[in-house]
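Colleague: Based on these hints, arrange chain C on the given structure of chain F.
First to last, the protein sequences are chains F and C.
Here the first sequence stands for residues 1 to 401, where the numbers follow this note's numbering.
Here the second sequence stands for residues 402 to 802, where the numbers follow this note's numbering.
The set of hints was computed from the structure by calculation and includes no laboratory data.
Here a beta-carbon is modelled for each residue, glycine too, at the ideal position from N, C-alpha and C.
Check the hints yourself; a few may be wrong.
[Unchecked claim] With a straight-line cut-off of 27 Å between C-alpha atoms, the simulated DSS-like cross-links for lysine-lysine are:
1) F:Lys-149 x C:Lys-777
2) F:Lys-132 x F:Lys-149
3) F:Lys-81 x C:Lys-660
4) C:Lys-768 x F:Lys-132
5) C:Lys-733 x F:Lys-332
6) C:Lys-533 x F:Lys-367
7) F:Lys-376 x C:Lys-550
8) C:Lys-550 x F:Lys-367
9) F:Lys-132 x C:Lys-687
10) F:Lys-6 x C:Lys-532
11) F:Lys-346 x C:Lys-533
12) C:Lys-733 x F:Lys-376
13) C:Lys-526 x F:Lys-259
14) F:Lys-6 x C:Lys-526
15) F:Lys-131 x C:Lys-660
16) F:Lys-367 x C:Lys-532
17) F:Lys-132 x C:Lys-777
18) C:Lys-599 x F:Lys-149
19) C:Lys-482 x F:Lys-259
20) F:Lys-259 x C:Lys-533
21) F:Lys-131 x C:Lys-747
[Unchecked claim] Simulated DEER-style distance windows between Cβ atoms:
22) F:Val-29 x C:Asp-661: 51 to 59 Å
23) C:Asp-552 x F:Asp-151: 55 to 63 Å
24) C:Lys-733 x F:Leu-142: 31 to 39 Å
25) C:Lys-644 x F:Thr-235: 56 to 64 Å
26) C:Glu-428 x F:Ala-239: 47 to 55 Å
27) C:Met-796 x F:Leu-142: 28 to 36 Å
28) F:Lys-6 x C:Glu-798: 41 to 49 Å
29) F:Asp-48 x C:Arg-557: 47 to 55 Å
2 protein chains.
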Amino acid sequence: MSIFLKVVPVSEAITTVRRIAPAPAQETVPLESAAGRVLAADVHSDMDIPGFNRSVVDGYAVRAADTTGAGDAIPAILHQKGRVEMGHQPESEIRPGECIYVPTGGVLPSGADAVVMVENAEQAKDQVLIKKPASHGENVLLYNEDFSKLDRVLGRGRRLLAQDVGVLAAAGCATVRVFCKPVIGILSTGNEIVPVTKRPDAGQVRDSNSFIAGAFAEEHGCTPHYYGIVEDDRTALRAALKKAAGECDAVLISGGSSKDDRDMAASLIAELGEVIIHGIAIAPGKPTIIGRAGNIPVIGLPGHPASAFIVLVAIVRHLLDGMTGDSRPVTKRVTARLASNVPSQKGREDYIRVRVEEGVATPLFGKSGLLNTLVKSDGVICIPAGYEGLETGTMVEVLLW
Amino acid sequence: MSIFLKVVPVSEAITTVRRIAPAPAQETVPLESAAGRVLAADVHSDMDIPGFNRSVVDGYAVRAADTTGAGDAIPAILHQKGRVEMGHQPESEIRPGECIYVPTGGVLPSGADAVVMVENAEQAKDQVLIKKPASHGENVLLYNEDFSKLDRVLGRGRRLLAQDVGVLAAAGCATVRVFCKPVIGILSTGNEIVPVTKRPDAGQVRDSNSFIAGAFAEEHGCTPHYYGIVEDDRTALRAALKKAAGECDAVLISGGSSKDDRDMAASLIAELGEVIIHGIAIAPGKPTIIGRAGNIPVIGLPGHPASAFIVLVAIVRHLLDGMTGDSRPVTKRVTARLASNVPSQKGREDYIRVRVEEGVATPLFGKSGLLNTLVKSDGVICIPAGYEGLETGTMVEVLLW
Numbered sequence: 001m002s003i004f005l006k007v008v009p010v011s012e013a014i015t016t017v018r019r020i021a022p023a024p025a026q027e028t029v030p031l032e033s034a035a036g037r038v039l040a041a042d043v044h045s046d047m048d049i050p051g052f053n054r055s056v057v058d059g060y061a062v063r064a065a066d067t068t069g070a071g072d073a074i075p076a077i078l079h080q081k082g083r084v085e086m087g088h089q090p091e092s093e094i095r096p097g098e099c100i101y102v103p104t105g106g107v108l109p110s111g112a113d114a115v116v117m118v119e120n121a122e123q124a125k126d127q128v129l130i131k132k133p134a135s136h137g138e139n140v141l142l143y144n145e146d147f148s149k150l151d152r153v154l155g156r157g158r159r160l161l162a163q164d165v166g167v168l169a170a171a172g173c174a175t176v177r178v179f180c181k182p183v184i185g186i187l188s189t190g191n192e193i194v195p196v197t198k199r200p201d202a203g204q205v206r207d208s209n210s211f212i213a214g215a216f217a218e219e220h221g222c223t224p225h226y227y228g229i230v231e232d233d234r235t236a237l238r239a240a241l242k243k244a245a246g247e248c249d250a251v252l253i254s255g256g257s258s259k260d261d262r263d264m265a266a267s268l269i270a271e272l273g274e275v276i277i278h279g280i281a282i283a284p285g286k287p288t289i290i291g292r293a294g295n296i297p298v299i300g301l302p303g304h305p306a307s308a309f310i311v312l313v314a315i316v317r318h319l320l321d322g323m324t325g326d327s328r329p330v331t332k333r334v335t336a337r338l339a340s341n342v343p344s345q346k347g348r349e350d351y352i353r354v355r356v357e358e359g360v361a362t363p364l365f366g367k368s369g370l371l372n373t374l375v376k377s378d379g380v381i382c383i384p385a386g387y388e389g390l391e392t393g394t395m396v397e398v399l400l401w
Numbered sequence: 402m403s404i405f406l407k408v409v410p411v412s413e414a415i416t417t418v419r420r421i422a423p424a425p426a427q428e429t430v431p432l433e434s435a436a437g438r439v440l441a442a443d444v445h446s447d448m449d450i451p452g453f454n455r456s457v458v459d460g461y462a463v464r465a466a467d468t469t470g471a472g473d474a475i476p477a478i479l480h481q482k483g484r485v486e487m488g489h490q491p492e493s494e495i496r497p498g499e500c501i502y503v504p505t506g507g508v509l510p511s512g513a514d515a516v517v518m519v520e521n522a523e524q525a526k527d528q529v530l531i532k533k534p535a536s537h538g539e540n541v542l543l544y545n546e547d548f549s550k551l552d553r554v555l556g557r558g559r560r561l562l563a564q565d566v567g568v569l570a571a572a573g574c575a576t577v578r579v580f581c582k583p584v585i586g587i588l589s590t591g592n593e594i595v596p597v598t599k600r601p602d603a604g605q606v607r608d609s610n611s612f613i614a615g616a617f618a619e620e621h622g623c624t625p626h627y628y629g630i631v632e633d634d635r636t637a638l639r640a641a642l643k644k645a646a647g648e649c650d651a652v653l654i655s656g657g658s659s660k661d662d663r664d665m666a667a668s669l670i671a672e673l674g675e676v677i678i679h680g681i682a683i684a685p686g687k688p689t690i691i692g693r694a695g696n697i698p699v700i701g702l703p704g705h706p707a708s709a710f711i712v713l714v715a716i717v718r719h720l721l722d723g724m725t726g727d728s729r730p731v732t733k734r735v736t737a738r739l740a741s742n743v744p745s746q747k748g749r750e751d752y753i754r755v756r757v758e759e760g761v762a763t764p765l766f767g768k769s770g771l772l773n774t775l776v777k778s779d780g781v782i783c784i785p786a787g788y789e790g791l792e793t794g795t796m797v798e799v800l801l802w
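So that you can see chain F by itself, here it is in the shape it has in the complex (with noise of 0.2 Å):
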């Protein structure tokens, strides 16, 4: 294994890891459990929606050429046939000169198109006088306007926000199919590295990258699975790959940082299946492992907790993407005014976090490796590999957390 890392661009990172990106399973939910995840399948409505010609106010169902010219000063004069009921199909139909209360959600009556809101009608015995003109479809959702039966109401690949789901409730899915949620192995190496219930002795830092790796395979609909700090030791990394390569369907390692770790780790890989790329142009992240073990995909995470962090927003997030089969990932983003110069090196692609505030990003200068940064940012910037860095002023695309 050379000391010198073969490092490929961020592009051909992203394609790889979408390439090996396992394709998800299936499952079926009931409904109630399906917010946040992700179809498996177009879904078509069962019957036209809505069902019927309906009300979308209470008022008075009226044929809209008998209120031509209604006003305050001289209104229509409708004769009242009585009222819908909410839930029932009405009793009677309407002729010109009659009209029909109806309450909101309530069968439009045959014969009627239109529907006068009560706030602009007036009650007389059984004359209702109506004070403003309605035009055709007023007030009312027709019969089939909203789907009609069979037509495809939301498509496979659809993160399921809430009002989808009450899409899909509309449309009779008691259950949905959706993609079955990735299990992402996650498992820590390293001799520096303690557990968090551990005070660090000289040289030893706590391990801060499973939880990172953990929560952010959550964030993108994944379920992690902890395997802990496996001891820095051929035997036993290569027991704990196999462990969790066997009983998830990704695996992140984090670390260790130094180099020695990091041959380990990707010789391990290699070993057990393939090792597709090992340094990537990306700063901070550069000593990134992409791999398989026999089938999983396998990433070795740099050992210090901001630059896998910026690893898993700029390369994991699109394993992780594929592995949900989520066609439309939730990545926030705006556009911003450049603060302050932001110099780069030219080979490379520059993740600089920013605050974001009314429009402007205000780059967080500080070394790569803090942590406090990471926290106290909004999100990132990207400066691409072509360049050596962006002027102040420049409008760029901030990456929100």
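Modeller: Below, chain C without anything else, positioned relative to chain F:
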């Protein structure tokens, strides 16, 4: 109960739900389960981070002054004194003219103040040729540079992101004090409402609102508790509302959508507590009720799903944010240019669904009751109560779904 609602401005409705939102309880969870939860107390680091001067690259720890002017042609020649082992204190210190190999994450030996990357050095027996000058502090994270012991690393009210969880690990938090997830009771009523499993007869519609409201509560960090469809009968609804108010932290009653049903819901809320607001100057969503059963907030949502959803987005969101303790709620917003004129009625806030593509917001016209525009849109714009509409080209803020 008057047939005409006394409508209040949206701002008053928001102030009201904020005021009646009960303060969240607290619980302690393991760090693995903390992602997405809201901190109930400020968190301070139990140690200095890093706890030692730490190399961020594989390289040679040096005194920066020894490398001044070093280059490919005339390298600085230093005596190599050995190597630092990961996780251990270095065995020796560096004096002028000396260097020590240090792996990424290793402790910087005393006497050194910078690290030269291996790529910029060449080892020749026990001598190392340094081919690039290092500046003081280069490639080193200094003791204490990230967080000092007892520094506040994250504040109360923060919804924990992946990187936050990593920082909590570094700060020694094996468990975290968070706000409990509020439990939101969801019930639907209305003679026209049938379960999703049933094919609606004429005049009937399936219960979409329970699912929309429950999923919305989940998206906002709450746990929905479903009470199903309650028969449109005063005794049954009173019993269901009392039960839900006794078991939950807030209750969302949806519909019935007709005036009679709304009046029944309002008078029952008044009987069990108080109706504070009945009618909001918002379209769609005017016939919304805000009240309390005892101290439990109760919101009466409009019966039509599209209207109910806008009320969730515009009003109920603020209730839930108050109840989760989230000080920085996730509201995805983008600024975009309006693609066409949008008329609006003065005196109410109009919520218009839009698609957003490349900075342009295209209004999806169509009746406000349509579900299909909810799922085809990317978000909404709000036309304030004082406006009669917005003109093409206006820069608008889109609240993304």
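Colleague: Against this structure, judge whether each hint is valid.
Modeller: These are the hints, each one checked on the structure:
1. Of the pairs offered as hints, the one joining Lys-149 (chain F) and Lys-777 (chain C) holds, with about 18 Å between alpha carbons and a cut-off of 27 Å not exceeded.
2. With a C-alpha separation of about 35 Å, the suggested pairing of Lys-132 (chain F) with Lys-149 (chain F) is violated against the 27 Å cut-off.
3. The straight-line distance between the Cα atoms of Lys-81 (chain F) and Lys-660 (chain C) is roughly 19 Å, inside the 27 Å bound, and the hint therefore holds.
4. Using a Cα cut-off of 27 Å, the hinted pair Lys-768 (chain C) and Lys-132 (chain F) holds, with the two alpha carbons roughly 19 Å apart.
5. For the hint linking Lys-733 (chain C) to Lys-332 (chain F), the alpha-carbon distance of about 7 Å falls within 27 Å, and the restraint holds.
6. A hinted pair counts as satisfied when its Cα atoms are at most 27 Å apart, and Lys-533 (chain C) with Lys-367 (chain F) qualifies at roughly 20 Å.
7. A distance of roughly 18 Å separates the Cα atoms of Lys-376 (chain F) and Lys-550 (chain C); the hinted pair therefore holds under the 27 Å criterion.
8. With a C-alpha separation of about 20 Å, the suggested pairing of Lys-550 (chain C) with Lys-367 (chain F) holds against the 27 Å cut-off.
9. For the suggested pair Lys-132 (chain F) and Lys-687 (chain C), the alpha carbons sit about 20 Å apart, so the restraint of at most 27 Å is met.
10. As the CA atoms of Lys-6 (chain F) and Lys-532 (chain C) are separated by approximately 21 Å, the hinted pair is consistent with the 27 Å bound.
11. Restraint check for Lys-346 (chain F) and Lys-533 (chain C): satisfied, since their Cα atoms lie roughly 18 Å apart, inside the 27 Å limit.
12. Straight-line distance between C-alpha atoms of Lys-733 (chain C) and Lys-376 (chain F) comes to about 19 Å, which keeps the hinted pair within the 27 Å bound.
13. Proximity of Lys-526 (chain C) to Lys-259 (chain F) is assessed by CA-CA distance (about 20 Å); at most 27 Å being required, the pair is judged to hold.
14. Between the alpha carbons of Lys-6 (chain F) and Lys-526 (chain C) the distance comes to roughly 26 Å, so the proposed pair stays at or under 27 Å and holds.
15. Between Lys-131 (chain F) and Lys-660 (chain C) the CA atoms are separated by roughly 21 Å; this keeps the pair inside 27 Å, and the hint holds.
16. For the given pair, Lys-367 (chain F) sits about 23 Å from Lys-532 (chain C) by alpha-carbon distance, which is consistent with the 27 Å threshold.
17. At most 27 Å may separate the alpha-carbon atoms for a hinted pair to count; Lys-132 (chain F) and Lys-777 (chain C) exceed this at roughly 33 Å.
18. At roughly 16 Å between alpha-carbon atoms, Lys-599 (chain C) and Lys-149 (chain F) fall within 27 Å of each other, so this suggested pair holds.
19. A distance of roughly 19 Å separates the Cα atoms of Lys-482 (chain C) and Lys-259 (chain F); the hinted pair therefore holds under the 27 Å criterion.
20. Restraint check for Lys-259 (chain F) and Lys-533 (chain C): satisfied, since their Cα atoms lie roughly 21 Å apart, inside the 27 Å limit.
21. Between Lys-131 (chain F) and Lys-747 (chain C), the direct Cα distance comes to roughly 20 Å. Compliance with the 27 Å bound is thereby established for this hinted pair.
22. Taken as a hint, the range 51 to 59 Å is violated for the pair Val-29 (chain F) and Asp-661 (chain C), whose Cβ atoms sit roughly 36 Å apart.
23. Between Asp-552 (chain C) and Asp-151 (chain F) the beta carbon distance is about 57 Å. The supplied range of 55 to 63 Å therefore holds.
24. At roughly 33 Å, the beta-carbon separation of Lys-733 (chain C) and Leu-142 (chain F) lies within the given 31 to 39 Å, and the hint holds.
25. In this structure the supplied range 56 to 64 Å holds for Lys-644 (chain C) paired with Thr-235 (chain F), their Cβ-Cβ distance being about 59 Å.
26. About 36 Å separates the C-beta atoms of Glu-428 (chain C) and Ala-239 (chain F), a value inconsistent with the hinted range of 47 to 55 Å.
27. Taken as a hint, the range 28 to 36 Å holds for the pair Met-796 (chain C) and Leu-142 (chain F), whose Cβ atoms sit roughly 35 Å apart.
28. Remark: the range hint 41 to 49 Å for Lys-6 (chain F) to Glu-798 (chain C) is upheld by a beta-carbon distance near 46 Å.
29. Asp-48 (chain F) and Arg-557 (chain C) have their C-beta atoms about 51 Å apart, which keeps the hinted 47 to 55 Å range intact.
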